[in-house]
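**Q** Next come the chains, spelled out residue by residue.
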Amino acid sequence: AQSVTQLDSHVSVSEGTPVLLRCNYSSSYSPSLFWYVQHPNKGLQLLLKYTSAATLVKGINGFEAEFKKSETSFHLTKPSAHMSDAAEYFCVVTASGGSYIPTFGRGTSLIVHP
Amino acid sequence: KAGVTQTPRYLIKTRGQQVTLSCSPISGHRSVSWYQQTPGQGLQFLFEYFSETQRNKGNFPGRFSGRQFSNSRSEMNVSTLELGDSALYLCASSFSERKSTDTQYFGPGTRLTVL
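As they're listed, the protein sequences go chains G and H.
Counting in this note's numbering, the first sequence runs from 381 upward without gaps.
Counting in this note's numbering, the second sequence runs from 22 upward without gaps.
Only chain H is shown next, with the shape it has when bound in the complex (with noise of 0.2 Å):
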């Protein structure tokens, strides 16, 4: 099976920019999350679909948002860029329902530079 797939995986933009990410999980899985991962901060989740809803955020501010098809792909906006919005964008999908004991599995990640 193939893995989670994330695209592009480097990006660069500037400044007030918009950027969107894409992800395609693993066949067969309805759930898909996203965390932004800084040196700062660490990993922070920032939202998580499933059957095209959204079921939990984070605490990010509304210029990120995401959406999910019905095929299970997902894609994550970002609007008007900010230099702190720079980091490794994780995407992540799992078999079923957000349950606790849920693996997730992870994409290579989406390395965003906003310069």
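Looking at chain G on its own, in the form it has when it is part of the complex (with noise of 0.2 Å):
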């Protein structure tokens, strides 16, 4: 069984500043975890993925996310935000055993703020 907590539905920043997006898993396999973000009436689309190789993950748009397996965490974070980052963003487990059913954490919502 596996299952994705996003411990925020809403995250309001202001341009600039950093963001955190945190996210907690549970999997009785070993996970990969992806975030996703989704832009306003447009499909997912990937900003990295951890699948069992480094723990610090870098992916587009200068977000990066750290695998802590201690914590069952995987945190989302980017040191400067800009406008083109409101949207809803998305944490997903999938595991090495099973069905390989991805899992949907229920989003969290970015607003930046000018």
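Some hints here could point you the wrong way.
Said to hold, decoys possible - One-sided excerpt, in silico: chain H residues whose CB lies under 8 Å from chain G:
hint	residue
1	F66
2	N77
3	F81
4	G83
5	P129
6	G130
As the list claims (entries may be wrong) - The calculated lysine-lysine pairs, modelled on DSS-like cross-linking and capped at a C-alpha distance of 30 Å, are:
hint	chain 1	residue 1	chain 2	residue 2
7	G	K438	G	K422
8	G	K422	H	K34
9	G	K429	H	K34
10	H	K78	H	K34
11	G	K438	G	K449
12	G	K429	G	K448
13	G	K422	H	K78
Calculated directly from the structure, the hints in this document are not laboratory data.
In this text, a Cβ means the ideal position worked out from N, Cα and C, and glycines have one as well.
Hints given; two lone chains; assemble the complex.
**A** See below:
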């Protein structure tokens, strides 16, 4: 069994300040973890993924995430927010065992103020 | 390379009708998955097809069905529509047989409204 909890439904930041979107997971198997972004009326786009290699993963548009097994977390960060980062962000877990069906978090809406 | 395309983008139906949505994966991708996205339930997995075979199915009633063709294009069908079927239906493709590390590439979705 696996689950994902995105700890904040909304995060509000000012442009130029750091972004932190939090994600905790649980999995009975070795997990793979993904962050996707969804802009209004668009599909999901992959930001980055962790697949048991380096625990610090760098993605597109300056985002990165760190896999912490002891804390079962995979938080997404960015040093400086841009207006174009305003979107919905989804944390996703899959597992190496079982049926590979991905489990999505409920999403975090990132609001960026000028 | 062209991305995942979904048609139609918007659809309005009435209760009791049936609907067919179409998805064309990225060229060379053989796996296609379907998801339902609603404000109340979030993103939920419907089913996955690989090489014309359904490999996984989510927890949805039998009114939801799908198929995949030899060119990897996929369709999903919803019969006897209910108001609660109003949602954004997303299709995603990936290159290989379903592995936990695969990246899925999503289409823009079909917005279905049931009146």
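**Q** Evaluate each hint against the coordinates.
**A** Comparing the hints with the structure gives:
The beta carbon of F66(H) comes within 5 Å of a beta carbon in chain G, closer than 8 Å, and the hint placing it at the interface holds. About 5 Å separates the beta-carbon of N77(H) from the nearest beta-carbon of chain G, less than 8 Å, and the hint is met. For F81(H), the interface hint is violated, the least distance from its beta-carbon to any beta-carbon of chain G being 12 Å, above 8 Å. Given the 8 Å rule on beta carbons, the hint for G83(H) is violated: about 18 Å separates it from the nearest Cβ of chain G.
Look at P129(H): its Cβ gets to within about 5 Å of chain G, closer than 8 Å, so that hint holds up. At its closest, the beta carbon of G130(H) sits 6 Å from a beta carbon of chain G; the interface hint therefore holds under the 8 Å criterion. Among the hinted pairs, K438(G) with K422(G) is consistent with the structure: their alpha-carbon atoms are about 23 Å apart, no more than 30 Å. Restraint check for K422(G) and K34(H): satisfied, since their Cα atoms lie roughly 22 Å apart, inside the 30 Å limit.
The suggested pairing of K429(G) with K34(H) is violated, with an alpha-carbon distance near 37 Å, which exceeds 30 Å. Using a Cα cut-off of 30 Å, the hinted pair K78(H) and K34(H) holds, with the two alpha carbons roughly 25 Å apart. For the given pair, K438(G) sits about 17 Å from K449(G) by alpha-carbon distance, which is consistent with the 30 Å threshold. Taking the CA atoms of K429(G) and K448(G), the gap is about 14 Å. The hint holds against a cut of 30 Å.
Among the hinted pairs, K422(G) with K78(H) is consistent with the structure: their alpha-carbon atoms are about 24 Å apart, no more than 30 Å.
Consistency with the previously given hints fails for numbers 3, 4 and 9, ordered from lowest to highest.
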